[in-house]
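Peer 1: Each chain, letter by letter, is given below.
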Amino acid sequence: MNSFAPIDPAFVDVFDRDHDGYPDDIAAGDTIDVLKAACGDASREFPKALWIEPKDWADKARDNDKHHTWPINYVDRFTNQSPTHECTCHALRVVAEACRNRQRGIIYPDGPKKGFRYEESSSGSVWLSPLSIYAEANPGQWGGAGCRQVLEIACRRGFLPEKIQPREYSLPHTLQGTVGSGGVNQSHGPWVSLSRFPAGWQKTAAWFKPLEVIFPDIWEQAVCLILHGYPIEYGRNGHAVPPSIWNVTNSSAGYVDSYDRVLYDSLATFKRAAIGSFTIASMVAPDDWLKPAG
Amino acid sequence: MTDARRLSLLALLGLLLVVNLTAGGGGGVASKVTQVTYVYEKDASFIPSGVQAALNRLNRERGILATSFERDTTDGSGEVPEQYKPAAESCEKFGLPLLVVQSGQKVLQVVKSPTTETSVMEAAR
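Note that the protein sequences, when read in sequence, are chains A and B. Each residue of the first sequence is one higher than the one before, starting from 126 at the first, in the working numbering. Each residue of the second sequence is one higher than the one before, starting from 105 at the first, in the working numbering.
No lab work stands behind these hints: they were computed from the structure. From the three backbone atoms N, C-alpha and C, an ideal C-beta is built for every residue, glycine too. Any given hint could be a false lead.
[Said to hold, decoys possible] Per label pair, the in silico range of CB-to-CB distance: (1) A/Gly314 to B/Ser217: 44 to 50 Å; (2) A/Pro179 to B/Ser217: 21 to 27 Å; (3) B/Ala134 to A/Thr156: 56 to 62 Å; (4) A/Asp166 to B/Lys189: 20 to 26 Å; (5) A/Ile343 to B/Ser217: 41 to 47 Å; (6) B/Ser217 to A/Lys396: 31 to 37 Å; (7) A/Gly314 to B/Arg164: 31 to 37 Å; (8) A/Ser391 to B/Lys216: 40 to 46 Å.
[Stated by the list, open to error] Far from chain A by the CB rule (all over 10 Å, computed), these chain B residues: (9) Thr177; (10) Lys216; (11) Arg229.
[Claimed, not checked] Chain B is faced by these chain A residues, among others (derived, beta-carbon under 8 Å): (12) Ser168; (13) Leu175; (14) Glu178; (15) Pro179; (16) Asp235; (17) Ala331; (18) Trp332; (19) Leu336; (20) Val387; (21) Leu388; (22) Ser391; (23) Ala406; (24) Asp413; (25) Lys416; (26) Gly419.
My request is simple: use the sequences and hints to build the entire structure.
Peer 2: Below, the structure written as structure tokens:
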């Protein structure tokens with residue numbers, strides 16, 4: 126990946142007018158104080174050790190290009206939510222899965238590739254079900270959810286893993302990933318309410334829970350998180366996304382969109398949205414990476 | 105096989121046994137590295153890119169379980185994950201950040217604050 130290559134403007138600030146997974150009335154409630162309160166004991170202030178002076182961002186970007194240590198290099202798959210309103214949960218799963226993969230120590234040098242499965246994913250990457258969070262966030266299915274809602278749910282009880290995994294992990298409980306299109310690396314299926322989750326599901330979800338969540342106070346701190354390999358999540362213009370790479374030439378943030386593609390937010394969009402963003406600094410770790418649910 | 109050839113073969117086997125016992129400087133076979141863990145506290149430091157790159161290479165090229173462990177991370181039961189207990193104990197002695205090189209549950213060596221890909225690859229040799 127080359128974070129200095131100019132970005133085609135056609136991929137910048139792509140806002141789907143029909144998408145309403147993050148409606149304005151819900152977005153208004155996602156203030157930084159509310160978000161911090163939502164994750165309780167997991168909430169963390171931005172660590173001073175992660176600050177990088179803006180004049181040094183280009184050097185750090187070069188370092189990431191050389192070593193493939195952008196957040197996007199810890200994302201091994203796309204998901205596809207079309208035509209649902211599950212975006213906040215698809216963005217959250219990017220942040221959670223990238224965190225686990227960073228802990229696991231395996232880099233995916235080209236990031237996610239449509240229709241492609243990395244062999245190395247079978248070494249411990251676990252694919253998490255966005256639906257397992259969304260079903261509780263919005264029992265009505267349509268109309269979207271807030272970043273606060275989904276973060277609170279994930280921090281409280283964790284994700285369920287998807288039905289499709291890169292290897293047989295003997296997971297006691299799984300759930301389809303989406304009611305939307307899914308793909309070769311994402312299971313899809315009918316809507317399922319929380320009351321119909323498989324019996325005892327909480328025991329498995331406890332193994333896929335965020336432990337520490339960092340909240341940047343200013344947009345520059347959000348860039349620092351990305352430079353250090355932490356994807357962030359934020360919502361804007363009706364859609365929630367996980368910025369996962371910083372383009373130095375255009376000062377734009379690339380994100381793994383939940384429609385099998387990588388798009389970019391301009392600096393203006395990023396500055397507006399980054400306050401109210403967060404990243405997951407650590408996830409529950411297994412006793413054995415090949416037995417991820419204990 | 106003639107007696108002479110049989111004796112030569114026995115002598116050769118005996119020589120090989122002695123070499124094997126004295127390998128590694130004094131009495132045993134050198135331990136194979138099976139696990140490398142970079143332990144850190146995220147409020148105090150970050151994982152250098154070179155270290156992350158090295159962990160990836162150890163996983164892919166040498167089949168070593170090479171991971172990072174943030175000191176406060178727990179398993180699904182709220183405990184220190186079993187696979188990280190030796191590394192966590194090493195940190196109590198040597199501080200953070202720390203690279204812990206193991207053969208099974210045995211800690212072979214620790215390296216304080218490695219920052220480069222080369223230093224991690226060397227430590228895991």
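Peer 1: For a quick check of understanding: which of the numbered hints are violated here, in increasing order?
Peer 2: Hint check: 5, 9, 12, 14, 15, 16, 20, 21, 22 and 25 fail, others pass.
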